[in-house]
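Engineer: Residue numbers (the working numbering), protein chains in the order written: chain A, 1 to 137; chain B, 1001 to 1137; chain C, 2001 to 2137; chain D, 3001 to 3137.
It should be emphasised that the hints constitute simulated quantities derived from the structure, not laboratory data.
Possibly wrong hints are sitting among the right ones.
As the list claims (entries may be wrong) - Lysine to any residue pairs mimicking SDA-like chemistry, simulated, CA-CA at most 20 Å apart: (1) B:1102 <-> C:2108; (2) A:102 <-> D:3060; (3) B:1102 <-> C:2058; (4) B:1102 <-> B:1057; (5) B:1102 <-> C:2060; (6) A:102 <-> D:3112; (7) D:3102 <-> A:62; (8) C:2102 <-> B:1001; (9) A:102 <-> D:3126; (10) C:2102 <-> B:1088.
There are 4 protein chains.
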Amino acid sequence: MTHSYVFDVRLHDVDHAGVMFFARLFVHAHDAYEVFMAHLGLDLCAMIHTGERLPVVHASADYFQPLRHGEQITVTLEIETLGTSSFTVAYAFHASESLLAKVRTVHAYLDPSFNAAAPLPPTLRQSLRPYCNTLNV
Amino acid sequence: MTHSYVFDVRLHDVDHAGVMFFARLFVHAHDAYEVFMAHLGLDLCAMIHTGERLPVVHASADYFQPLRHGEQITVTLEIETLGTSSFTVAYAFHASESLLAKVRTVHAYLDPSFNAAAPLPPTLRQSLRPYCNTLNV
Amino acid sequence: MTHSYVFDVRLHDVDHAGVMFFARLFVHAHDAYEVFMAHLGLDLCAMIHTGERLPVVHASADYFQPLRHGEQITVTLEIETLGTSSFTVAYAFHASESLLAKVRTVHAYLDPSFNAAAPLPPTLRQSLRPYCNTLNV
Amino acid sequence: MTHSYVFDVRLHDVDHAGVMFFARLFVHAHDAYEVFMAHLGLDLCAMIHTGERLPVVHASADYFQPLRHGEQITVTLEIETLGTSSFTVAYAFHASESLLAKVRTVHAYLDPSFNAAAPLPPTLRQSLRPYCNTLNV
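Let the hints inform the model, and build the full structure from the sequences given.
Structural biologist: This is the structure in structure tokens:
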């Protein structure tokens, strides 16, 4: 299973050269992640209030083709790896069938009591598993 | 008295047309405000922790000339009005003697106990007064 | 007639105090404006390439209630005034029937040949008129 | 040789959890890069006008500790690899001697005539070399 998210490249996304400023790709990836988590019934806002955290500990992006002002982009999201106390989300950015860019974000689970890395709670693991299409589950 | 703040227009500030995206002007105005407040010994971060708030209740900008990628901008900040429970900050944006834009932000004081508008604390009023160059003090 | 645009308040929209950073409201207003213009058949990206410009020459916002992380916001957009060489767009931001904020942006028309203010082209004026609900048309 | 760049973490940099939103780290890295390039006499803005491009083709970040509102951050920048038609910039983010995060950006050189990857011009290579502290020069 994968999860899809659609957005349009806006004027404020692009820079002087008329293409998306590279850091904006991470913002859109995180928007896709928020919608994905909400779809799983996981409310990031509520987690912040309870002290649970899934901070990004690593992020990377590969840019194959520029994302242009006015283009409609589809982000396809899956869980690339599901570790003991962290997981990796992979995002593919397409426009009209062309793969434009890829992003990865690695999220660690922080226990609210200790503010330290802790094993992923079983319910979180179970929610993410269907989107993990590799063998490392 | 006025307070000065300098910044450079970066690639991510400008849009497809090569000039600063209008909303970015407010971000730089707020950066100037944070530095100004710190200069007065007022730590916005600490205030957020204690529950004191000075939210922006009104903001406006006039754009006379575009701010261009690579330009160095000087922001001159003063207190335009100092009311009972709010104050107005006025910011002038110059490059090489030319006035490019003006911004105003109106900040209300929220009492931490009641989360409602309240008179400006005397120490805050006293800190701001020297930067208020009009007669309404 | 009015035009509606919906968005969700994301983690990157809110600041330390858990509410939308004031400058972000202008970004969302402009997103609503881009979608509105596209709905009228006016492609801002194409205009930038041909040299036509509708730069924001004035912007203002009134903040009545904070916009909170996770809220779904409806923006209702109309043309407040339709002048000879400029027009004013008014945006109302609602969540669950409550009016949270208002934004206004004033756009001037710049002629591509002269890079100077010029009368709005008749087709642009005609497209905007149905959304102008006041008597100044 | 390394190049240093200093900035303060502002209210608009941090999110609901009070720490820098991960994508903002890339924005500050790029600001450091712009200042570095200007220091070498390389004007990114002028390059955009002539059609020369050094687009980011890969970016990554490792987050060790959160960057907090109000902290002053020093970015130390060096050239990690200097390839035939691309180079990698490495950025270390410190506050008070603690290493908080690392960023890498890989820039490809695009020839203005062909809009395709091309060997780095000799002057660019020569400017970058002193900041390349590894053996792969």
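Engineer: Need the list of violated hint numbers for this structure, in ascending order.
Structural biologist: When the structure is compared with the hints, numbers 6, 8 and 9 turn out to be violated.
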